[in-house]
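Visitor: Chains as they are written, first to last, in the working numbering: chain A, 1 to 157; chain B, 1001 to 1161.
For the record, the hints were derived by calculation from the structure and aren't laboratory data. No experiment lies behind these values; they were computed from the predicted model shown. Note that the Cβ used here is the ideal one computed from N, Cα and C, for glycine as well. All the pointers check out, no bait thrown in.
Straight-line C-alpha distance at most 27 Å; calculated DSS-like pairs for lysine-lysine:
id: 1; chain 1: A; residue 1: K52; chain 2: B; residue 2: K1063
id: 2; chain 1: B; residue 1: K1156; chain 2: A; residue 2: K21
id: 3; chain 1: A; residue 1: K148; chain 2: B; residue 2: K1156
id: 4; chain 1: A; residue 1: K22; chain 2: A; residue 2: K91
id: 5; chain 1: B; residue 1: K1156; chain 2: A; residue 2: K87
Beta-carbon label-pair distances, calculated as ranges:
id: 6; chain 1: A; residue 1: F7; chain 2: B; residue 2: I1147; range: 17 to 23 Å
id: 7; chain 1: B; residue 1: K1100; chain 2: A; residue 2: L106; range: 47 to 53 Å
id: 8; chain 1: B; residue 1: V1133; chain 2: A; residue 2: K91; range: 51 to 57 Å
id: 9; chain 1: A; residue 1: M90; chain 2: B; residue 2: W1122; range: 57 to 63 Å
id: 10; chain 1: A; residue 1: A129; chain 2: B; residue 2: W1122; range: 43 to 49 Å
id: 11; chain 1: B; residue 1: L1014; chain 2: A; residue 2: L107; range: 43 to 49 Å
id: 12; chain 1: B; residue 1: L1058; chain 2: A; residue 2: K91; range: 40 to 46 Å
id: 13; chain 1: B; residue 1: T1146; chain 2: A; residue 2: I113; range: 32 to 38 Å
id: 14; chain 1: A; residue 1: Y88; chain 2: B; residue 2: V1107; range: 44 to 50 Å
id: 15; chain 1: A; residue 1: E59; chain 2: B; residue 2: F1021; range: 39 to 45 Å
id: 16; chain 1: B; residue 1: I1022; chain 2: A; residue 2: E59; range: 43 to 49 Å
So these bits of chain B aren't anywhere near chain A, every CB distance computed over 12 Å:
id: 17; residue: L1017
id: 18; residue: L1026
id: 19; residue: L1027
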Amino acid sequence: MGFSIFFFIAFLITSLFIVMKKKLSIVDSTFIYLLILVITINVSWIVIEELKLIKVTKEAMNYTAFILTRSVITPMILVVQLNLIHKYKMKSRSFWITVASIAILLLLRVLSIQFDILTYQNWNLGFDAIYFLILHLVAFYSHQFFQKLSYREVNEL
Amino acid sequence: MLWENFDKNEISILIMLILAFIVLGLLPKRFPRNITLLSLLWGLSSGMLFDFTIGGGLMDVYKVNDLQRYELFDLLYYLLFTPFSYFFIYFYDTLGINKKTFIWYVVGWSIVGLIVNWLLTWLDIIQFQNGYVLPYSFSVFLIIQTITGVYFELIKSRQLS
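If we strip away everything but chain A, and leave its shape as in the complex, we get (with noise of 0.2 Å):
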């Protein structure tokens, strides 16, 4: 059951991104995706592997949807937040644009205990509610460092 809830939630986020508007270049938005990922892969790895403060299920099915949920779900939803904050430059709506991003992801992690993918040792959600917030962060910056370092060539050109 796990298993299938995490692939929809995959399939979803992934068939969102592709059908929106987007106001990031696929080049942009390949970045900050590959970014997150990376980033997200040492973080799972440290924090169940190295530090044991979660433990991830040994039941293959379920272990597939932790994986979808590390290389798809987290890293399509930083992607598409921030091309909608950047279709809504108020930012009031960023705001709750990145608010809404964060409470899906948290969301997933309830459904993640509930489905025994994860079980928390010596973690709980607020610990994830700021690893989330600093994803989001990191996302923001280096998509803005990395729009920089194009715009700066096109001028020096």
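We have chain A; now place chain B onto it with these hints.
Guide: For chain B alone, kept in the frame of chain A given last:
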């Protein structure tokens, strides 16, 4: 942890990293900075995605360096992927790979990947376990390099349109 024993595998990683980045620096500039940065990140993320999905966790088919745990030289090993993804895209563009040559280019690079993979096992940088054998890596390289080539074509078509 930084490393268990500083010996053959650690020294080999350092030498390969230095050589790869020297070659990268010596190659004439071909792409805008954002594409260069993206191609470097592409290698790092695709290497990490496969290693942390099949190389560790539930499948755990190979061990990197001396320990099952994450050490500094594991990170340096992953950094080794960055110049190679750049080389793949660089020569893809330089050689003007098209629909007729795409398959040969991907197969050629996959064979190179397989040889490097063998070298990494010979240098004790990676050790296969749980039934994993070297030929399986060929499938991994075919997948990664096909996606890389197709993605590069997509970017080129978007930039031209």
